[in-house]
Every structure is written in structure tokens, then in C-alpha cells.
Amino acid sequence: MIDINDILNVIKELPLILQYVVPGYCCIILFQFTTSKKIDGKYLLVISCVLSYTLLSMVSLLRIKWFKNVPDFAMLNSGISILLGIVIVCLISILFQRVWFKKLMVKLFHKTPNEDIWRDVLDLDNGSNLKVYLKNEKYYIIGSHKNHEEKGNDSWLALSGFVKMDKETNEIYNNEPDFTNDNSVIITVRFSDIEHIEIF
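First residue of the sequence shown? That's 745 in my numbering, and the numbers climb one at a time after it.
What the hints contain is simulated information worked out from the structure, not anything from laboratory work. In this text, a Cβ means the ideal position worked out from N, Cα and C, and glycines have one as well. Check each hint, because a few of them may be wrong.
[To be verified] Okay, the calculated beta carbon distance ranges per label pair:
(1) D869 x R934: 21 to 31 angstroms
(2) Y797 x E939: 42 to 52 angstroms
(3) D816 x L839: 24 to 34 angstroms
(4) L848 x L762: 35 to 45 angstroms
Could you build the full structure based on these sequences and the hints that come with them?
Structure representation (C-alpha cells):
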């Protein structure tokens, strides 16, 4: 049978235990949100603990160097670790989005920090124009990239300011409306229906 005193001792030490999990976990969630990167859930707890320990070590070093008079207790250490982690993650996220950093990674490691091809080939800041060829269709779609979502077989691409063009004549297909001057009209296409895409 579990002793009530053991439970009370665990509850009493909970802030001390959580300081080795929560700061790292907050950093991971923020990193995933700002960079659209996915971290495998199997390793989430281990990575959270490692990051939290690293952040707490940095807080201890800061305390020795500059903040000797700041009280040393678990809740405050966790709070400072979370704030420090947020600053570091924001700086890393900004770095990941810089063109020079991507070029440096390609030069040194022959890869970019992105997990999918779209962030490498599409200009997400200024927009990219796409020519989308569909399987088993007599037309292709020209439009501006609006958004895309990748969910396995149920992945979608959204285009704004689009027009359907005949593959044979390169004229507007079947008298369909031309929305090239109206970015409020959006068409969505399932990735599985796409034959290929030209980006220009």
C-alpha cells in the first residue's frame, strides 16, 4: 500500500522535478510552431529533459556571474529558464529563415534547414506563381501560391488569382472565368491529383 507521506513528499518536490521538464517542453512547442518542424513524440520527454537541464545550467552560470543576489528556488529557476529558452528559440527560428543561413547550410552540409521542398522552392514572402498540371484533365491551372498543407494522402494546394488554361491551345479553357486579377477567389487542388507543377 502507498504511504500518504510518500505521496506528500512527491507533491512537495514536484516543482523541483518539473523544472527539469517544463522549460524544455515549452521550447520544443515554440520551436515546432515557429519553424513548422515536427519532433517525434517518442523522444519528446527525453529532449525536454536535456533542454531543461541545459537551460538550468545556463541560469546557474548567469546567477554566478551577474545575479548572485537573486533567490535560488525551483519556481524562479523554471521561470527564468522558460524566458531564456523563448529568447534562444526565437533567435534560432529567425536564423533558420535567413537566406544567407540556408546558403551556408547548402554549402557546408548540402542540405537546408527545411523538412519539405516547398520552403526551398517557393518564395513565401513575395509569392510564387505556379502552373499546375492535373492528371487526366485537358487543362492546367495558373495562379499564385496561397497556401499548402501536407497530410499524407490528403494534402492540398491553394492558389489565388487563378485561371484554367487549355493544354492544347494555351487559351482559357472552356470559357471558364478568369480570376487572375482577383486574389480573393481561391481554388484548392489535392496533391494526389497533380501531375507536375511549374514554378515561375
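Verification of the hints:
{"no.": "1", "hint": "D869 x R934: 21 to 31 angstroms", "in the structure": "26 angstroms, holds"}
{"no.": "2", "hint": "Y797 x E939: 42 to 52 angstroms", "in the structure": "50 angstroms, holds"}
{"no.": "3", "hint": "D816 x L839: 24 to 34 angstroms", "in the structure": "32 angstroms, holds"}
{"no.": "4", "hint": "L848 x L762: 35 to 45 angstroms", "in the structure": "37 angstroms, holds"}
Every hint from the earlier list agrees with this structure, and none is contradicted.
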